[in-house]
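Between the sequences and the hints, there should be enough to build the whole structure, so can you do that?
Now for the letters of each chain:
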Amino acid sequence: QKEVEQNSGPLSVPEGAIASLNCTYSDRGSQSFFWYRQYSGKSPELIMFIYSNGDKEDGRFTAQLNKASQYVSLLIRDSQPSDSATYLCAVIQRGSSYKLIFGSGTRLLVRP
Amino acid sequence: NAGVTQTPKFQVLKTGQSMTLQCAQDMNHNSMYWYRQDPGMGLRLIYYSASEGTTDKGEVPNGYNVSRLNKREFSLRLESAAPSQTSVYFCASSEAGTEYEQYFGPGTRLTVT
Chain A
1 QKEVEQNSGP
11 LSVPEGAIAS
21 LNCTYSDRGS
31 QSFFWYRQYS
41 GKSPELIMFI
51 YSNGDKEDGR
61 FTAQLNKASQ
71 YVSLLIRDSQ
81 PSDSATYLCA
91 VIQRGSSYKL
101 IFGSGTRLLV
111 RP
Chain B
113 NAGVTQTPKF
123 QVLKTGQSMT
133 LQCAQDMNHN
143 SMYWYRQDPG
153 MGLRLIYYSA
163 SEGTTDKGEV
173 PNGYNVSRLN
183 KREFSLRLES
193 AAPSQTSVYF
203 CASSEAGTEY
213 EQYFGPGTRL
223 TVT
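From first to last, the protein sequence lines stand for chains A and B.
Numbering (the working numbering) for the first sequence: 1 to 112.
Numbering (the working numbering) for the second sequence: 113 to 225.
These aren't lab readings, by the way, just hints derived from the structure by calculation.
The beta-carbon is built from N, C-alpha and C at its ideal position, and this holds for glycine as well.
You may find that some hints are simply not true.
Per the computed footprint, the stretches of chain A lying under chain B, defined by three or more beta-carbons under 8 Å from a beta-carbon of chain B, are [unchecked claim]: (1) 39 to 45; (2) 94 to 100; (3) 103 to 109.
Computed cross-link-like contacts, DSSO-like style, restricted to lysine-lysine with a CA-CA straight-line distance of at most 30 Å [claimed, not checked]: (4) B/Lys-169 with A/Lys-67; (5) A/Lys-67 with A/Lys-56; (6) B/Lys-169 with A/Lys-42; (7) B/Lys-183 with A/Lys-42; (8) A/Lys-42 with A/Lys-2; (9) A/Lys-99 with B/Lys-169; (10) B/Lys-121 with A/Lys-42; (11) A/Lys-42 with B/Lys-126; (12) A/Lys-67 with A/Lys-2; (13) B/Lys-183 with A/Lys-99; (14) A/Lys-99 with A/Lys-42; (15) B/Lys-169 with A/Lys-2; (16) A/Lys-42 with A/Lys-56; (17) B/Lys-126 with B/Lys-169; (18) A/Lys-99 with B/Lys-121; (19) B/Lys-183 with B/Lys-169; (20) A/Lys-56 with A/Lys-2.
Which chain A residues stay away from chain B? Per the calculated CB distances, all over 12 Å, these [to be verified]: (21) Ala-17; (22) Asn-22; (23) Gly-59; (24) Arg-60; (25) Phe-61; (26) Ser-69; (27) Tyr-71; (28) Ser-84.
Okay, here's the thing in structure tokens:
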């Protein structure tokens with residue numbers, strides 16, 4: 001079992017809709033979770049992080065964490081074609097302060 | 113302020129050849145990283161450096177060596193390239209204390225034939 005799993009997609013949503021991206025992780029002791037966005041042919045960039053159960057909002061983005069069920073979600077409200085990218089979920093490896101374990105990413109396509 | 117720069121952008125090697133991928137950052141970050149990204153595999157850490165003169169193996173270090181030349185520069189060397197090392201290589205850096213917030217370079221696309 002991979003430590004961080006994501007559906008590869010593509011997830012296709014119409015412009016203006018809510019895009020919901022999901023990620024599950026295997027280590028129940030994981031504490032810190034991150035979402036990176038990667039445009040095609042470009043490098044990843046950090047867009048959200050969450051440590052506590054519940055929701056964390058930043059503009060059109062909401063990260064949701066459920067430690068009991070071991071999943072992390074990223075919601076994108078009012079999706080725009082410019083949101084079309086691959087979204088990488090990552091967790092800090094337990095016992096490390098720096099080792100990020102990345103999922104393989106979900107490709108999001110927002111249709112105009 | 114260029115952020116993280118990598119050279120070259122593209123490279124084709126024959127099996128057995130060697131090469132060094134260069135990385136430099138101008139953000140005065142202590143921590144630097146080398147990752148590889150393969151289709152369906154996500155980003156995998158090859159090596160990490162917490163500071164000048166220190167390095168630590170990541171998830172997939174075999175076949176690679178690194179050198180933290182100074183605070184700015186972190187190079188990755190392939191001594192004898194193999195087709196399995198065909199990948200996109202990213203260098204990243206971060207500040208001490210916020211290692212999760214990593215700033216990535218533009219990547220090097222390496223093909224080994």
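Now the hints, each set against the structure:
no.: 1; hint: 39 to 45; in the structure: holds (count 4)
no.: 2; hint: 94 to 100; in the structure: holds (count 4)
no.: 3; hint: 103 to 109; in the structure: holds (count 3)
no.: 4; hint: B/Lys-169 with A/Lys-67; in the structure: holds (29 Å)
no.: 5; hint: A/Lys-67 with A/Lys-56; in the structure: holds (14 Å)
no.: 6; hint: B/Lys-169 with A/Lys-42; in the structure: holds (25 Å)
no.: 7; hint: B/Lys-183 with A/Lys-42; in the structure: holds (25 Å)
no.: 8; hint: A/Lys-42 with A/Lys-2; in the structure: holds (25 Å)
no.: 9; hint: A/Lys-99 with B/Lys-169; in the structure: holds (10 Å)
no.: 10; hint: B/Lys-121 with A/Lys-42; in the structure: holds (12 Å)
no.: 11; hint: A/Lys-42 with B/Lys-126; in the structure: holds (25 Å)
no.: 12; hint: A/Lys-67 with A/Lys-2; in the structure: holds (17 Å)
no.: 13; hint: B/Lys-183 with A/Lys-99; in the structure: holds (20 Å)
no.: 14; hint: A/Lys-99 with A/Lys-42; in the structure: holds (21 Å)
no.: 15; hint: B/Lys-169 with A/Lys-2; in the structure: holds (20 Å)
no.: 16; hint: A/Lys-42 with A/Lys-56; in the structure: holds (26 Å)
no.: 17; hint: B/Lys-126 with B/Lys-169; in the structure: holds (26 Å)
no.: 18; hint: A/Lys-99 with B/Lys-121; in the structure: holds (25 Å)
no.: 19; hint: B/Lys-183 with B/Lys-169; in the structure: holds (18 Å)
no.: 20; hint: A/Lys-56 with A/Lys-2; in the structure: holds (25 Å)
no.: 21; hint: Ala-17; in the structure: holds (26 Å)
no.: 22; hint: Asn-22; in the structure: holds (15 Å)
no.: 23; hint: Gly-59; in the structure: holds (17 Å)
no.: 24; hint: Arg-60; in the structure: holds (20 Å)
no.: 25; hint: Phe-61; in the structure: holds (16 Å)
no.: 26; hint: Ser-69; in the structure: holds (21 Å)
no.: 27; hint: Tyr-71; in the structure: holds (17 Å)
no.: 28; hint: Ser-84; in the structure: holds (18 Å)
In summary, this structure violates none of the numbered hints.
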